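Trainee: Please build the complete structure, drawing on both the sequences and the hints.
2 protein chains.
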Amino acid sequence: MSSKKQIVQCVPNFSEGRDLAVVEKIADAFRNTPDVKLLDYSSDEDHNRCVITALGEAKAMKEAVIKAVGTAFELIDMTKHEGQHPRMGAADVVPFVPIKDITMEETVALAESVAEEIAEKFGQPIFLYEKAAKTPGRENLAKVRKGQYEAMAEKIKEAEWKPDFGPTEMPPQTGVTAVGARMPLVAYNINLDSSDPEVADKIAKKVRHISGGLRYCKGMGVELKDRGIVQVSMNMTDYSKTALYRVFELVKIEAQRYGVNVVGSEIVGAVPMEALIDSAAYYLRLEDFTMDQVLETSLME
Amino acid sequence: MSSKKQIVQCVPNFSEGRDLAVVEKIADAFRNTPDVKLLDYSSDEDHNRCVITALGEAKAMKEAVIKAVGTAFELIDMTKHEGQHPRMGAADVVPFVPIKDITMEETVALAESVAEEIAEKFGQPIFLYEKAAKTPGRENLAKVRKGQYEAMAEKIKEAEWKPDFGPTEMPPQTGVTAVGARMPLVAYNINLDSSDPEVADKIAKKVRHISGGLRYCKGMGVELKDRGIVQVSMNMTDYSKTALYRVFELVKIEAQRYGVNVVGSEIVGAVPMEALIDSAAYYLRLEDFTMDQVLETSLME
Numbered sequence: 405m406s407s408k409k410q411i412v413q414c415v416p417n418f419s420e421g422r423d424l425a426v427v428e429k430i431a432d433a434f435r436n437t438p439d440v441k442l443l444d445y446s447s448d449e450d451h452n453r454c455v456i457t458a459l460g461e462a463k464a465m466k467e468a469v470i471k472a473v474g475t476a477f478e479l480i481d482m483t484k485h486e487g488q489h490p491r492m493g494a495a496d497v498v499p500f501v502p503i504k505d506i507t508m509e510e511t512v513a514l515a516e517s518v519a520e521e522i523a524e525k526f527g528q529p530i531f532l533y534e535k536a537a538k539t540p541g542r543e544n545l546a547k548v549r550k551g552q553y554e555a556m557a558e559k560i561k562e563a564e565w566k567p568d569f570g571p572t573e574m575p576p577q578t579g580v581t582a583v584g585a586r587m588p589l590v591a592y593n594i595n596l597d598s599s600d601p602e603v604a605d606k607i608a609k610k611v612r613h614i615s616g617g618l619r620y621c622k623g624m625g626v627e628l629k630d631r632g633i634v635q636v637s638m639n640m641t642d643y644s645k646t647a648l649y650r651v652f653e654l655v656k657i658e659a660q661r662y663g664v665n666v667v668g669s670e671i672v673g674a675v676p677m678e679a680l681i682d683s684a685a686y687y688l689r690l691e692d693f694t695m696d697q698v699l700e701t702s703l704m705e
Numbered sequence: 405m406s407s408k409k410q411i412v413q414c415v416p417n418f419s420e421g422r423d424l425a426v427v428e429k430i431a432d433a434f435r436n437t438p439d440v441k442l443l444d445y446s447s448d449e450d451h452n453r454c455v456i457t458a459l460g461e462a463k464a465m466k467e468a469v470i471k472a473v474g475t476a477f478e479l480i481d482m483t484k485h486e487g488q489h490p491r492m493g494a495a496d497v498v499p500f501v502p503i504k505d506i507t508m509e510e511t512v513a514l515a516e517s518v519a520e521e522i523a524e525k526f527g528q529p530i531f532l533y534e535k536a537a538k539t540p541g542r543e544n545l546a547k548v549r550k551g552q553y554e555a556m557a558e559k560i561k562e563a564e565w566k567p568d569f570g571p572t573e574m575p576p577q578t579g580v581t582a583v584g585a586r587m588p589l590v591a592y593n594i595n596l597d598s599s600d601p602e603v604a605d606k607i608a609k610k611v612r613h614i615s616g617g618l619r620y621c622k623g624m625g626v627e628l629k630d631r632g633i634v635q636v637s638m639n640m641t642d643y644s645k646t647a648l649y650r651v652f653e654l655v656k657i658e659a660q661r662y663g664v665n666v667v668g669s670e671i672v673g674a675v676p677m678e679a680l681i682d683s684a685a686y687y688l689r690l691e692d693f694t695m696d697q698v699l700e701t702s703l704m705e
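The listed protein sequences correspond, in order, to chains A and B.
If you want the working numbering, it's the position in the first sequence, counting the first as 1, plus 404.
If you want the working numbering, it's the position in the second sequence, counting the first as 1, plus 404.
FYI, nobody ran anything at the bench for these hints, they're computed from the structure.
Please note that a few of the clues may not be correct.
Each pair may be met inside one copy or between any two copies, as identical chains are not told apart.
[Said to hold, decoys possible] With a straight-line cut-off of 30 Å between C-alpha atoms, the simulated DSS-like cross-links for lysine-lysine are:
| hint | residue 1 | residue 2 |
| --- | --- | --- |
| 1 | 538 | 525 |
| 2 | 566 | 629 |
| 3 | 609 | 408 |
| 4 | 463 | 409 |
| 5 | 547 | 566 |
| 6 | 471 | 656 |
Since this is a predicted model, take the numbers as computed values, not measurements.
Mentor: Structural data, given as C-alpha cells:
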C-alpha cells in the first residue's frame with residue numbers, strides 16, 4: 405500500500421512440457437522474484453510446451469522474465485525438440501499485458517527493453533510482435549513464426565525477416581524468440597436456446613471482426629452437447645474498445661432473426677475488473693463514473 | 405502480494421472540527437501505521453467534527469484506531485465541546501466495514517475486540533451498535549446517542565443503557581463511544597426526465613425500505629435545479645442483498661406510471677467492486693461467475 409505501482413501480466417510460453425523439473429525451474433524465476441506473483445503454470449506433453457501466467461510490478465517482471473528465459477536457454481535444446489504446437493525457440497513467445505497504471509505504449513517500451521536485454525545477454529535473435537511490432541507484417545505471430553524452428557535459421561537471414569534485436573545467425577540450441585505486447589484476452593461465450601450448431605456459427609460470423617463484425621472480437625459457433633444447446637464462443641482481444649455488453653447485445657439482435665434467445669453467457673478464466681464494470685456502467689446508465697471510485701483500487705496502489 | 409489479508413474500512417468520527425492541529429494528530433495514527441491507508445479525512449467547523457476514512461489489514465487497523473482514539477481522548481475535552489452534529493464522545497462513533505476476505509461476523513468480532521481494549525485502556529464506556537449490537541434496541545445509532553453528551557452521564561446508569569464495555573460512570577472529558585460494524589454504504593442516485601420533485605419523491609417512497617420497498621435502501625426525492633430534472637437519491641446500506649440493478653429496474657418501473665423515463669444514474673464517492681460487477685453479471689446473464697475470476701483480486705492478496 406505504498407505509491408502506485410505499474411502492474412503488468414506476462415504469459416510466456418516455453419518449449420518444454422515433458423520434463424517437469426525444467427518447468428519448475430522456469431516457474432521458480434517468477435515464484436522467487438519479489439513483487440511478482442506466479443498465478444498459474446501448465447504444461448502439455450503433446451505440445452511439449454508450458455505456459456506461465458505471472459502478474460507483477462513492471463521492473464520486477466522484467467527481471468523475472470530474463471531470469472526465466474536464461475533458465476530455458478540453459479536447459480532446453482531446440483535441436484531435439486518435438487511437439488505438436490508451432491514453436492521457434494526455447495523461450496518461444498513472451499507477451500506483456502498492461503493491467504494497472506501502465507499504458508500500452510509503456511508496455512511496448514517494457515517489451516522492447518526485455519527484448520534488447522535478452523538479445524545482448526544471450527545472443528538471441530528476437531522478433532517484436534503484436535502491439536510491439538515495428539512493421540505491420542510482424543504483428544501477427546503466426547506469420548512471424550511461419551516455418552517454425554526448422555526454417556528459422558534461413559528465414560532470419562532474409563532482409564524482410566531480419567530480427568529486431570540480436571544476430572542473424574540463429575543459435576541452434578535456443579532458436580528464435582518473439583517478444584510482444586497485447587491487451588488482456590477475455591474468453592467470453594454466449595449461450596443460445598438452440599441445438600443447431602449452424603445458428604451459432606452464423607451468428608459468430610456476424611459479430612466477429614474477420615467477417616465484418618466488431619473490431620476486437622474473434623469467434624465461432626460451438627455445440628454444448630451435454631446441455632443440448634449451442635454457443636457463440638469468443639475471444640475479446642481488446643475489451644476497452646470492443647465492450648462485452650456490445651457483443652452481448654449484438655448477439656441478441658442477430659439471434660432474433662432465427663427465433664433464438666440468449667439464455668446466458670460465461671467468462672472463462674480471468675477478466676479485468678474494468679471489462680465488467682464498463683458493462684455495469686452501460687446498463688445502469690452511469691454518469692461521470694471513474695474507476696478511481698472503485699474502493700478496491702486503493703488496495704492495489 | 406503475500407498471503408491473503410483481511411481488509412476492513414474504518415470510518416471513525418471525532419468531536420473536533422475547528423482545531424486542525426488536533427485533526428492532523430488523529431489522522432497521523434492512520435497515516436503512520438503500516439498496512440493501513442488513510443484514504444480521506446475532512447472536518448467541519450459548524451459540526452465541530454471530523455470524519456476519517458481508512459482502509460487496511462484488520463489487525464493493523466485495530467492498532468491504528470486505538471492509537472487515534474487515545475489521541476482524541478488526550479486532546480479533546482467534551483466538557484467544552486459545541487457543535488451542530490449530534491455527538492456523545494471525543495471519539496464519537498467507530499464503524500468497521502468488511503471489504504475483502506473478511507466476513508461480517510469477523511468484522512463484528514474485530515469491533516468487539518477494539519471496544520473491549522478502548523474500555524480497558526482508557527476507562528471509556530462503550531456501546532456496540534448496528535451489526536455489532538447485542539440487543540435490537542442498540543442497532544440504531546440515533547437511539548443509542550439520543551440525549552447526546554449532555555444526557556449521557558445519567559443515561560448509562562439506567563439498566564437499559566448499561567454500556568457493553570467500560571464503566572457506568574462517564575468520564576467527563578471523553579464521554580461515551582459507539583463502536584460498530586456495518587456494510588459499505590453506496591450513495592446511488594437515479595436521474596429522471598422530469599422537473600417535478602413530487603414525482604421523484606413518490607418513486608423514492610415506493611422503492612425505499614421504510615415505506616414498503618427494498619430492504620437495504622434509504623431514499624428521497626431531490627431536485628437538480630441546474631439541470632432542470634429530479635432524482636431519486638438513495639443510500640444502499642447492503643449492496644450484497646439489495647443490488648444496484650434491482651433498485652435501478654424498480655425505479656424504471658415506478659417511473660413508467662408517471663410517463664417519466666430514467667435518463668441516467670450516478671454513484672457518489674466510493675463503491676465496492678462487487679456492487680458493480682454484480683450488476684454486470686445480471687445484465688450479461690453470466691453463468692457460474694465468481695469474483696476470483698477478476699484479475700485484480702490477485703493484486704490484493
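Trainee: Please go over all the hints and tell whether each is borne out by the structure.
Mentor: Going through the hints against the structure:
| no. | hint | in the structure |
| --- | --- | --- |
| 1 | 538 - 525 | within (22 Å within a copy, 66 Å between copies) |
| 2 | 566 - 629 | neither (47 Å within a copy, 65 Å between copies) |
| 3 | 609 - 408 | neither (42 Å within a copy, 43 Å between copies) |
| 4 | 463 - 409 | both (10 Å within a copy, 24 Å between copies) |
| 5 | 547 - 566 | within (14 Å within a copy, 78 Å between copies) |
| 6 | 471 - 656 | neither (47 Å within a copy, 56 Å between copies) |
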